[in-house]
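If you read the protein sequences in the order shown, they are chains E and U.
Quick note: the first sequence, position 161, residue 1170 per the numbering used here, numbers continuous.
Quick note: the second sequence, position 70, residue 882 per the numbering used here, numbers continuous.
Derived lysine-lysine pairs resembling PhoX-like cross-links, with alpha carbons at most 20 Å apart:
# : chain 1 : residue 1 : chain 2 : residue 2
1 : E       : Lys1206   : U       : Lys1187
2 : U       : Lys1041   : U       : Lys1010
3 : U       : Lys1187   : E       : Lys1212
4 : E       : Lys1206   : U       : Lys1255
5 : U       : Lys936    : U       : Lys1164
6 : U       : Lys1240   : E       : Lys1212
7 : E       : Lys1206   : U       : Lys1249
Far from chain E by the CB rule (all over 10 Å, computed), these chain U residues:
#  : residue
8  : Leu890
9  : Pro900
10 : Gly1097
I should point out that these hints are in silico values taken from the structure, not numbers from a laboratory.
Using N, Cα and C, we set each Cβ at its ideal position, and we do this for glycine too.
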Amino acid sequence: MKISRRKLLIKGAQAGTFCLSAGELLKLAACAAEPQATAPRALVVIWLNGGNDGLNMVVPYADSAYYTARPGIAIKPGEVLKLNDKVGLNPAMSGLARVYADGHLAVCQAVGYPRANRSHFHSRDIWETGSPDGFVASGWLGRALDHLESEARARQIVSILPAVNLDPVLPKSLVSHHIAVPTVNNLADFDFRTDPKFAGDRKTQLAALNDIYQNFALGRPHVELLRDAGLAANKASDKLTKIVQGYKAGANYPGGGLGDALRFISQMVCGGVNARIYNVSLGGFDTHINQRAGQGNQLRQLSDAVAAFHQDLAAHHLDRSVITLIYSEFGRRVGENGSQGTDHGAAAPVLLVGKAVSGGVYGDHASLTSLDEGDLKYAIDYRQIYASILDKWFGLDPHEVLGKNFEEINLLEKHRT
Amino acid sequence: MRHVYSHGETGSIRRIDARNVQLLPRKDAFWIAQLLRRAGFGASPAELDRYQKLGYKATLDELLHPERIDNSALESLLAREKFDFGNPYAIKKWWMYRMLHTANPLEEKMTLFWHGHFATSLQKVGDPKVMLEQNKLLRRLALGNFETLLLGVSKDPAMIIYLDNQENQKGRPNENYAREVMELFSIGIGHYTEVDIKEAARAFTGWHTNQKRSAFVFDDKQHDDGEKKVLGQRGNLNGDDVVHILARSPDTGRYLAKKLIRYFAYDDPDGDFIERVATQYQVNGYQIRPMLHAIFSDPSFFTNRAYHAKIKSPPELVIGAIKTLGIRNADIDLPGVIASMGQNIFEPPSVKGWDGGKAWISTESMIERFNFATKISSQKFEELKPFMSPTQLASRQGLKTSHDAVNYFLDILVDGDVPDYTRARLVKYMETDLDGKATRGVKNEQVLDAKLRGLVHLIMSLPTYQLA
Chain E
1010 MKISRRKLLI KGAQAGTFCL SAGELLKLAA CAAEPQATAP RALVVIWLNG GNDGLNMVVP
1070 YADSAYYTAR PGIAIKPGEV LKLNDKVGLN PAMSGLARVY ADGHLAVCQA VGYPRANRSH
1130 FHSRDIWETG SPDGFVASGW LGRALDHLES EARARQIVSI LPAVNLDPVL PKSLVSHHIA
1190 VPTVNNLADF DFRTDPKFAG DRKTQLAALN DIYQNFALGR PHVELLRDAG LAANKASDKL
1250 TKIVQGYKAG ANYPGGGLGD ALRFISQMVC GGVNARIYNV SLGGFDTHIN QRAGQGNQLR
1310 QLSDAVAAFH QDLAAHHLDR SVITLIYSEF GRRVGENGSQ GTDHGAAAPV LLVGKAVSGG
1370 VYGDHASLTS LDEGDLKYAI DYRQIYASIL DKWFGLDPHE VLGKNFEEIN LLEKHRT
Chain U
813 MRHVYSHGET GSIRRIDARN VQLLPRKDAF WIAQLLRRAG FGASPAELDR YQKLGYKATL
873 DELLHPERID NSALESLLAR EKFDFGNPYA IKKWWMYRML HTANPLEEKM TLFWHGHFAT
933 SLQKVGDPKV MLEQNKLLRR LALGNFETLL LGVSKDPAMI IYLDNQENQK GRPNENYARE
993 VMELFSIGIG HYTEVDIKEA ARAFTGWHTN QKRSAFVFDD KQHDDGEKKV LGQRGNLNGD
1053 DVVHILARSP DTGRYLAKKL IRYFAYDDPD GDFIERVATQ YQVNGYQIRP MLHAIFSDPS
1113 FFTNRAYHAK IKSPPELVIG AIKTLGIRNA DIDLPGVIAS MGQNIFEPPS VKGWDGGKAW
1173 ISTESMIERF NFATKISSQK FEELKPFMSP TQLASRQGLK TSHDAVNYFL DILVDGDVPD
1233 YTRARLVKYM ETDLDGKATR GVKNEQVLDA KLRGLVHLIM SLPTYQLA
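With the rest of the complex left out, here is chain E:
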């Protein structure tokens, strides 16, 4: 039932109109009548920019090879926040260690893809498009959005914004075929302003601009992109500023960009923006030198911000509606370099946080001695995690988004439809 309904809806959306039989209409009505959660399920994606060193985030403290490879920067067994008798979290991650103890953090180990690419930019593309094998213009989240939106439209669920990007530049992951994802990171400035001296003219100007944009056709390469972005900007500025008023944070967020961003996401979730995907990143992980301090600070910020976000959502009774995926474009080399740092490597852990997440450690940590070009071998393909989220969280057919089938991992409670 699930798949056939979705396929039916997508087919309808592609045709532009819905021509359904009476029986099909009844089936749809039954689906729409199912009780709705207070907010539709949302995914927050946090990319750790720069290539996060997985070995010093999820430390294989029981493996002597780890201490041999990293005489200068290894984290001692006594410092590690133990998850089980093999691995533990970086000592800066006490916030997420608490979330783990509550059973709401999943740690997937040795995640990667075949023929690891060690360029920041190329590997990032691979993660964002979901395609390690060749060039794809759209992102895995963008394609998921296309499916989610056609379904939402059919069920007449109003989402003010289908997804929100909080990074300065829209990542490739959110490039979709049909949807222009808005970027917002400074709400205070996100307002279409006009000359305050002539306030009466604002409505006239806005009306003129909207008319002009809606009818703007010119045979130049970027005009459609500009038109879509301009229209989305005006729509978003109009709605967003209103909806997030009246929110009160239910946790103390740490200072810094990620804390601010997650607080803003919580504001949007609580305000009923109903976006399905929120995207944000945290930089500072390209730790070629002095890694202990540098990575430690970033992991603390990550851990504190995500733990606060988790707590805040719980205070608003929305913690069952949001999961958070945390990954980086690659891990780092096993051995430390000559600068108390590490160079670009391959496989690394991926984290998933949320009340709906089945907490635990998934898979074994990668062998530190059986290596691939000096780097950790992957055991879990990153697309297995994508597939699990697409299926269990969003109720989508992973094959339609990823182009292939992948063995799923039971990271999430079963989707209820």
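Since the structure of chain E is already known, use the hints to place chain U on it.
Structure of chain U alone, referenced to chain E:
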């Protein structure tokens, strides 16, 4: 034949751009304006006038030879500002003033190109003076020999700090610089192996800065003088050798050609255009200037494929507006405005610099662009005095009707390149009162001023205004 683009009759333009047969005016003035939007940051009416008297070829020649131009007015203007270069904001403002007031726009445009190419961030480097020195290096060698530039950058203290070569030592190599010099600065991804990177890292060992981190030093005790093999060449290679190998590779010529064409002409150049420009690199001893000449005189630069085909970068948008509208009291926070639109100079987002092109556009950057237009056009925004007086401009031009005003401002701001509907809708906007009611009669001065300001705001918010 006088004009570089008139080698053929209209038919040849059609042949070049078979996908789109729309013909564009074959007038010097039209293409000179485009040249200045690309090779510079737009132009004021007076500058346009001067360049148009020179003609296209002489204008291009002038732009390509900054060493022949007297730029002392800029230097004395900068000297009067008494910048404190220990302050990060000062170096940003200094550079924005250069972009705005220079007599050598292409030199600044290329400096900005190299800043994105050899991206280095103040955030990690820390000392603004070191960043300023790098900026001067990029400007000095902006149009010259690429091997000299690549070597200069490899020994530049800001770069050494930014990509951790300071830590790259014999027996303890750090691969950061070796990877990026291949992937991003020269031959490009796909033309080297992981082994090449490891070996090149060894060649750059001991390339450090002095204690004050203000000058390059070669620390021979920290240099690995064993045998290495990089891109097929074997020997006791050092950093100079690696730079030499990389700069002379035809892959570098093609990589730079593609990037320069995308920066100056259009986003998706075909292989032939890239080859034409890359050839210039090889036959002229790795010089940048002939590549630029090739781009700005290539037949495809004078077609629909290039015209209004690039999204303006934040400095192009902001400085262009100031020049076009003759804004004098430009006491605008220029570095802050362009940063809000996505280009925080001296602080690129990563070692890859700014992606540019489509990446300049998001809902947020559009709002910032709209609001910059508001700021520029308003009678009173946050500042005490307005930045411009459209009423003055209009009366100087003798504009009598709403049509006149719409046509004039469309002409100077977007070359008049809009759909008919836009033009009509702007006239309709002009023919309303401040309460939105239609009015055909004479407006009082204040209403006219408000509507003209609104008109400038709307035109600067059009999709076409975002295009160079």
